[in-house]
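Trainee: So you can see what is in the structure, the chains are spelled out below.
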Amino acid sequence: MRSVKRFLLGGVVGILCILLIGTPVLALIGNPTSVSIGDLFVFRNVVESGDQLYFVRYSVTYPVTPGEPASNYFLMAIYSTNGTVLLHTRPLNYYQENIISIYLTPAQALVWGDPYIIKIMGNPAIFSPLVENTNMKTRTLGPSDFHEASDLGSYMVAQATILQTNWVVTLLVNGLLNATGATFFNQAVPGLSTMVPLIFQTSISYTSIPPSSENHTYEAAQQAKRGPALTAALNETASGIFGASGNWFGVFAAALLMGVFGGVVFPMTHNPGWVLLGSGFALGLVMWVGLIAMSAFAIIVAFCLILFGIYMLAHI
Amino acid sequence: MERSLPSVDYRVVQQIQSSPQMMGEQGSGFMSQYGGPSGYVELDSDPTLGLVYQALEQGALTEELPVWTGLPTKDINSALVRLAQLKVIEPMDPVREVTL
Numbered sequence: 089m090r091s092v093k094r095f096l097l098g099g100v101v102g103i104l105c106i107l108l109i110g111t112p113v114l115a116l117i118g119n120p121t122s123v124s125i126g127d128l129f130v131f132r133n134v135v136e137s138g139d140q141l142y143f144v145r146y147s148v149t150y151p152v153t154p155g156e157p158a159s160n161y162f163l164m165a166i167y168s169t170n171g172t173v174l175l176h177t178r179p180l181n182y183y184q185e186n187i188i189s190i191y192l193t194p195a196q197a198l199v200w201g202d203p204y205i206i207k208i209m210g211n212p213a214i215f216s217p218l219v220e221n222t223n224m225k226t227r228t229l230g231p232s233d234f235h236e237a238s239d240l241g242s243y244m245v246a247q248a249t250i251l252q253t254n255w256v257v258t259l260l261v262n263g264l265l266n267a268t269g270a271t272f273f274n275q276a277v278p279g280l281s282t283m284v285p286l287i288f289q290t291s292i293s294y295t296s297i298p299p300s301s302e303n304h305t306y307e308a309a310q311q312a313k314r315g316p317a318l319t320a321a322l323n324e325t326a327s328g329i330f331g332a333s334g335n336w337f338g339v340f341a342a343a344l345l346m347g348v349f350g351g352v353v354f355p356m357t358h359n360p361g362w363v364l365l366g367s368g369f370a371l372g373l374v375m376w377v378g379l380i381a382m383s384a385f386a387i388i389v390a391f392c393l394i395l396f397g398i399y400m401l402a403h404i
Numbered sequence: 004m005e006r007s008l009p010s011v012d013y014r015v016v017q018q019i020q021s022s023p024q025m026m027g028e029q030g031s032g033f034m035s036q037y038g039g040p041s042g043y044v045e046l047d048s049d050p051t052l053g054l055v056y057q058a059l060e061q062g063a064l065t066e067e068l069p070v071w072t073g074l075p076t077k078d079i080n081s082a083l084v085r086l087a088q089l090k091v092i093e094p095m096d097p098v099r100e101v102t103l
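Each protein sequence line maps, in turn, to chains V and H.
The first sequence runs 89 to 404 under this note's numbering.
The second sequence runs 4 to 103 under this note's numbering.
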């Protein structure tokens with residue numbers, strides 16, 4: 089019995105140790121001197137049809153900026169219209185005056201135009217209780233807060249103008265976000281350079297190339313006639329023109345070529361040896377273009393050489 | 004009139020200064036504005052430093068500053084020394100005591 093108790097006690101202590109090790113301990117920080125929402129906008133169809141972007145310019149003011157990361161202590165939250173259901177959250181990137189947003193895909197998108205409740209609030213695990221205007225600021229969306237994607241660029245530039253005045257940091261050059269402005273706005277609104285590339289001094293966009301709809305039948309037909317297919321094409325031509333097979337056409341062509349060669353060379357040389365030699369080359373040409381087979385060429389050449397040999401022996 | 008530093012999380016300043024591209028755009032004016040990340044943190048964390056720095060930037064660092072702000076002259080002068088140590092400003096003469 090005693091050993092069972094020890095076993096159970098050991099198990100409980102072990103579980104507690106694991107929980108204590110696994111739970112991050114956040115340092116306590118005091119309430120901000122003020123928390124406010126400067127501007128609040130909702131845009132739709134910013135990347136694809138049906139999506140939504142909830143944008144907030146907030147201020148979580150501390151006289152001395154806490155050393156702890158703001159993402160552990162404050163967040164932006166979207167609540168249901170009656171304020172009872174927490175729908176979406178995203179941690180803040182910075183204290184003091186800054187910007188943040190929540191992007192909802194078409195599947196996540198809320199009812200357009202409904203009075204959802206937006207909060208900039210402390211982490212409930214740290215700030216308890218959460219008190220309005222102390223560590224939390226609440227705004228209810230109104231009809232004037234909803235905008236189309238075409239307004240997004242001009243609204244972001246207007247926000248950058250406000251921030252660069254208040255921060256005393258240059259964010260805009262010639263009305264476009266410079267590298268500094270682009271960094272902070274892309275942090276607050278991931279993908280902003282894709283949504284409105286024209287408000288950035290430099291941005292990268294990818295052109296879409298539609299897949300080819302050509303059927304390539306002409307190329308395929310030409311490819312079928314390349315190389316070894318030449319014989320087939322010649323066969324087709326020969327049978328089409330002469331009504332004979334390619335083989336017979338080859339024989340006729342070879343005989344014609346040899347006859348012409350012999351008719352030209354023999355009167356000049358009076359030596360049938362040159363005719364036989366030249367005929368061998370003519371036959372080689374005929375074989376090379378594919379009109380006769382190499383085996384046929386070899387037999388004919390051998391025959392020509394034998395005749396040539398007999399002739400030479402007879403005249404030496 | 005109460006003066007304060009721009010309401011900027013100093014991480015913003017650090018991020019700008021750690022990026023050559025962003026620093027290239029902000030130029031030397033930015034450095035003198037904040038005196039580097041460590042300078043900004045010091046200014047951000049010490050209200051007297053921040054106030055004296057702002058007064059200097061606004062051309063309001065005169066013998067009357069203790070009168071307007073209620074800060075003792077010696078605190079203002081020690082703030083000037085600290086700002087110079089941080090290289091936020093060039094070393095300068097202390098503010099003289101005003102006898103009313």
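Each hint should be verified, as a subset may be incorrect.
A few chain H positions that, by computed beta-carbon distances, are all more than 12 angstroms from chain V [said to hold, decoys possible]:
| # | residue |
| --- | --- |
| 1 | Arg14 |
| 2 | Thr76 |
| 3 | Lys90 |
| 4 | Pro97 |
Output of the computed footprint for chain H on chain V, the stretches with three or more beta carbons under 8 angstroms from beta carbons of chain H [said to hold, decoys possible]:
| # | region |
| --- | --- |
| 5 | 267-273 |
| 6 | 350-360 |
Since the hints were made in silico from the structure, they are not lab data.
Just so you know, even glycine gets a beta-carbon here, dropped at the ideal spot from N, CA and C.
Trainee: Now tell me if each hint is right for this structure.
Mentor: Verification of the hints:
With a minimum CB-CB distance of about 6 angstroms to chain V, H/Arg14 fails to clear the 12 angstroms threshold, and the non-interface call is violated. A cut-off of 12 angstroms between C-beta atoms confirms that H/Thr76 is not in contact with chain V; the least separation is 23 angstroms. Here H/Lys90 stays apart from chain V, with its beta-carbon at least about 19 angstroms from theirs, past the 12 angstroms limit. Non-interface status of H/Pro97 relative to chain V is upheld: no Cβ of that chain comes within 12 angstroms, the nearest being about 26 angstroms off.
With 4 residues bearing a CB less than 8 angstroms from a CB of chain H, the region 267-273 of chain V meets the requirement of three and the coverage assertion stands. A count of 0 residues in the region 350-360 of chain V with a Cβ less than 8 angstroms from any Cβ of chain H is obtained; the coverage claim is therefore unmet, three being the minimum.
Of the hints listed earlier, those the structure fails to meet are numbers 1, 6, in rising order.
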